[in-house]
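Asks: Single-letter residue listing:
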Amino acid sequence: MAAHRCGLSLVCILFFSSLAHPSRCDTLEKANDNTATKRSISEVNTDGSVAGEDMNERQWQSTDVEVNRSDGTKNSETFTPAPAKDQFQEELVIRPLHSGDIYASFQFRTLWDTDFLQEGQKKVSHYRLFPKSLGQVLSKFSVQELHISFTQGFWRTMQWGQPFIPSPPGAELWVWFHHTVSDVDGNWKELTNVLSGIFCASLNFIDMTNTVQPSASFKPLGLGNATDHRFLRYATLPREIVCTENLTPWKKLLPCGSKAGLAVLMKSEKLFHSSFHSQAVHIRPICQDEQCTSKAWELRQTLNVVFDHYTSGQGKKEWSLFKMFSRTLTEACPLASSSKVYVDITDNPEGELFELSPATPLLSQAVVLGDRRTYSVYDLTRAETFGQLRSFNLLLRWKGDSGDMLRPLLHAERYVAGFGLQTGEIHTVIYNNHPYRAFPVLLMDSVPWYLQLYIHTLTVTSKSRDNKPSYIHYQPAKDRHRPHLLEMLIQLPPHSMTEVTVQFERALLKWTEYTPDPNHDLTSRFFFKEESSYFVRVYTEPLLVNLPTPDFSMPYNVICLTCTVVAVGYGSFYNLLTRTFQVDEPSPPLAKRLANFIRRIRGVPLLA
Amino acid sequence: TDYNDLYCLFTLVQFTKAGQFFSSGHTNNWAVLVCTSRFWFNYRHVANTLSVYRSVKRLGIPDSHIVLMLADDMACNYRNPKPATVFSHKNMELNVYGDDVEVDYRGYEVTVENFLRVLTGRLPPSTPRSKRLLSDDRSNILIYLTGHGGNGFLKFQDSEEISNMELADAFEQMWQKRRYNELLFIIDTCQGASMYERFYSPNLMALASSQVGEDSLSHQPDLAIGVHLMDKYTFYLLEFLEEVHPASQANMNDLFKVCPQSQCVSTPGHRTDLFQRDPGSVLITDFFGSVRKVEITKDTINLTSPVEPPIQRSGSGDIQIESLTYVDQLPVAEIIHQKPKQKDWHPPDGFILGLWTLILLVFFQTYGIKHLKHIF
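Protein chains in written order, with our numbering: chain S, 410 to 1017; chain B, 26 to 401.
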C-alpha cells in the first residue's frame, strides 16, 4: 500500500490595493486596527431620530467623552510627570452572523511610552503592564514590529463577511527588524526559537526553507521611516496545531491573566469547539500623541472565535455569554483603563432581527472596513452593568429570519488541477464583486521548493482576456534552501473573475526528509489584499498537495528477496560442489542380531 | 561540668539538626515526561503521560521544571468529539488535559535525538529555557516513558527506536556530568523491564509495567471517544497518586505494590540495586512532588537601597523633532516603479570558473601566445 506523502506547499498570495488618498494616519488607524477602530468612535447625538421600539425603549445617547479619545487624553498627561506611563484596554466585540453563528473578537491593548531600541538610554528593567518576556525579546533581537498568529480553522468569507483581523490557518510570523541589525538571518533564527518556547509551539521548524522576504507585499503597520525590505522576514507553518498549550502562555501575557476582566471567558473547552479560532499578538511602535514626535509601543493581543450554532448552539438561534463561554462576567480587570463589550446591531435597528438583553442606553458608531456600523456598548467599569446579581450575561435571541448577506467585495479561491503525482496546475481565482470599481491587488505567492513551478506557464486572465500585471517580482527556489516567491500587482476589473494559473512539477524527496506520517497532506496558503480607502488582507484556503511517496517497506522486501535468492542459489551450488555420498548400512533387525549373537558364541560364521 | 555537658548536648542537637538539613539529598525536582506514539488510536499513551503530568504538577513541581513531550496532539485532534480534552476514565470523569497545560516538545519534535539531548543537556544555544533540563547535582529527576516497546527498545513515532543501551549510556553521561542526585525511571510499555536491564550508573531506581516477554495491556475503552483511554499500569498508578498529597509519608515500597498481577495482568517489575538508600525510606514526594525544606530564622536582613527611577525624557517643546508618520500599506505608484533588487555581484564559483579556465586553456593552446597580437 503505497503511502502517499503530500507535500506542504505554502502558497501565499497577497493582494493589495488602495485607490483613494485619504489622510495617512486616519486611514491606517481604520485599516489596521479594525477592532481598535472603536477608539475613533464618533458620538451619536440624541435627536430622537430613531424611535423607541415596542419591546425595548432604547435611547440614543451621546457616549461619554471618557470613551477613548485615547491619544488625546494621554497627551495632556505627558507634560506632567505621570506616575504610570502604560495603560491597558480590553474590549470584546460580538457580531451575530447571518447564518445564525456568532463571531466574538477579543482585543487586549497595552500601550507603553518607552523605547526598547533607543541607544544610550538605560536598559528597560521595570515592567508593569507590558509582559516582561516579550519586552526582553524585543530589546534583545532589535525587533521593530512583530506579528504572530495561531489559527485553527478557515475563515469563510462568503458566509461570514470580512474578519476584523485576518489570519491564515496554522501559525504565521512576520517580523520587521530594526535598521541597526547586522545579521538579520541569525536574529530571525534565534527569535523563532525563543518564540517557540514562549508560545509552546513548534516555531523552531521555521528555517530558510519556508522563510521569504517579500519585496512589496508587506509594509510596516507601525511607525517607521525606512522600509528596506532586507529587514523583513515572513514565514508560515500551515500545519501547526493550536490547542490549550498555546492559549495558556498567551493568557499569561495579559496583566490580569485569566483571573479578572474579559479573559475569564477564555475557557479552552469552549473556545476550541468552534468553527474558527485565532489568537494573535501584534507589537508595533505607534504615535504617542497627536504631534507624533515620539514613539510608544503598542501590544495588541487578539482572539477571534466563531461559534457554530449547530454544534455549540445546539441548533437554537439563541446566544448568551454563558452559552458561548460557559462563564459570565463578574468584574472588569482592575488594571484596565477601559473595559467594554460591544454588540453589533447594525442589521437590527428596529429590533426586528434579534432581541438583545440586558438593554443598554449606550451606543456607538464606528467605521469598520469601509462600513458604518452601530454597536451597543456595555461598560464593565461601571457597577450598574452587572446588576444586582453581580454578574453580566448577554443574551441574543433571534426573532426572524435574516435576509441575504451582502456579498463581500473581494473573495478568492485556490485549488490544484491536474491528475497524477507528477505534474499539476495551481489555479487562483479572485472575484471582484464591486459593480463598477476596479481594484489593484497585490498577490503574494510563496511555494515550497519541492513544487517546482514553471513560471513560463504563468497566465493571468480576467473576463477571458489576458491581464498583464504591472509589477512582477519573482525569486526562484533553491532546492532545500529557499522557497519560490512570486509577487504581482494586478488590476481587477469591476464585477469580474480573474484567474491566475501556473503549472508545476512535484519533486521527489530524500527518504529521510519524509515525516513520520507521510500519508497526511500538506497545505499551502496564499493571501491577497485590496480595498480602496482602507486596506484589507485576505487569505485563501489552504491547498492540499499530494507528493509522491516511495514505498517505505521496500528496503525490507529487497533484503528478504535478495537473501532468499542468494541462499537458494549459492547454497545449491555449494552443495553441488562439496557434497559427498557415503554408503550407510542399515542396522539388522532384532531377530538377526540375536541369531548373530548366538552364532558368535558358538563360533560359527555370522549371517550377512 | 553539668553546664558544660548541657552545652555540648545543646550544640550536638543543633549540629545534627543543621547537619540533617544540609546533608539531605536533593534541593530541587525535575520531571521529564515523554509520550512516544503518534496517531489517534494511541490516545491512551497521551492520556498516560498527561495523568502523570497532572499528578506531578498537583504535588508541586512547576511547569518550568517539567519537560513534557507529546508526540501527537489528541486534544485538538479533529477526531476528538470533545475538543481540548483528554480523558482518563470512561464516562469522561477526569479531564487530564486541564486548562493550563504547557507542552514543551510536541509533534515531530519528539525524536530520539531530542530526547537524548534534553537528558544530556547538549542542546543548540538558541533552545529556550522551557525546553531544557537545567538540573544540577542536587536534583531529583523523574523520567516517565510510555508508548510501544519491545525487548530492549522503545519505538518513537513509528519511525525510529531507542535501545536500552542508549538509555543506559545517556544516564551514565548524566551521572558523569553530575546532572542528577537521584533518578526515578518509570516505563509503561510492553516488555518494559528490558529497558532498565542495562543500567549501570548509581542512584537509579526503575519501575516497569511488565516483564520481558509480557505485554502491557490497556484499561478500558470509551464508546463515545472510540479508543482505549489509559493503560492499566498508569491507571492504577494515577489512582495511587491521587491519594498522595504534599505532606504524605507514602514511600517507594507502596509504589512497588501498585497494580499487582491480579489487576494488571502483566507483572510490574522494579530495580533498586543501583540505589543507595533503602526504598522504604524514600518518600513518593521526593520524586513526584517538590517539597522544600524550610529553615525559619528570626534575624532581620537589611535590603539595599531601592533602584533609582529611570531618567525622565525632556518635554518635546524646545527641540524641533521631526514628526514620524505611518507608511502607506499599498503604494501602487511606488511599487510599479520599484526597481528590482540589485543582487550583489559574487565572483564566479566552482563550475563556471572551471569551465572558463578550460575554454581559455584550449584557446591559448590552439592559437598560441604569439598570435594574440593578431587577434587583439
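There may be inaccurate statements among the hints.
[Stated by the list, open to error] Pairs of lysine-lysine residues, derived as DSS-like cross-links and limited to a Cα-Cα distance of at most 27 Å, are as follows: (1) S:Lys726 / S:Lys676; (2) S:Lys541 / B:Lys156; (3) S:Lys676 / B:Lys107; (4) S:Lys919 / B:Lys107; (5) S:Lys676 / S:Lys598.
[Stated by the list, open to error] Where chain B lies over chain S, by a calculated footprint (3+ residues, C-beta under 8 Å): (6) 575-588; (7) 598-609; (8) 679-692; (9) 969-976.
Keep in mind that the hints were calculated from the coordinates and are not lab data. Owing to the predicted nature of the structure, the values given are computational and were not obtained by experimental measurement. Glycine is no exception: its CB is placed at the ideal position from the N, C-alpha and C atoms.
Asks: Now, for every hint given, state plainly whether the structure supports it.
Replies: Evaluated hints:
Proposed proximity of S:Lys726 and S:Lys676 is supported: the alpha carbons are some 22 Å apart, at most 27 Å. For the proposed pair S:Lys541 and B:Lys156, the alpha carbon gap of about 19 Å is at most 27 Å, so the pair holds. For the hint linking S:Lys676 to B:Lys107, the alpha-carbon distance of about 13 Å falls within 27 Å, and the restraint holds. For the proposed pair S:Lys919 and B:Lys107, the alpha carbon gap of about 38 Å is over 27 Å, so the pair is violated.
With a CA separation close to 33 Å, the supplied pair S:Lys676 and S:Lys598 exceeds the 27 Å bound. Note: the stretch 575-588 of chain S has 0 residues with beta-carbon separation from chain B under 8 Å; the three-residue rule is not met and the coverage is violated. Chain B is given as covering the stretch 598-609 of chain S, and this holds because 8 residues of the stretch bring a CB closer than 8 Å to a CB of that chain, at least three being needed. Given as covered by chain B, the stretch 679-692 of chain S passes the check, having 3 residues with a CB less than 8 Å from a CB of that chain where 3 are the minimum.
Figure legend: the stretch 969-976 of chain S, annotated as covered by chain B; annotation inconsistent (0 residues with Cβ-Cβ distances under 8 Å, at least 3 required).
In terms of the numbered hints stated before, the structure departs from hints 4, 5, 6, 9, listed from lowest to highest.
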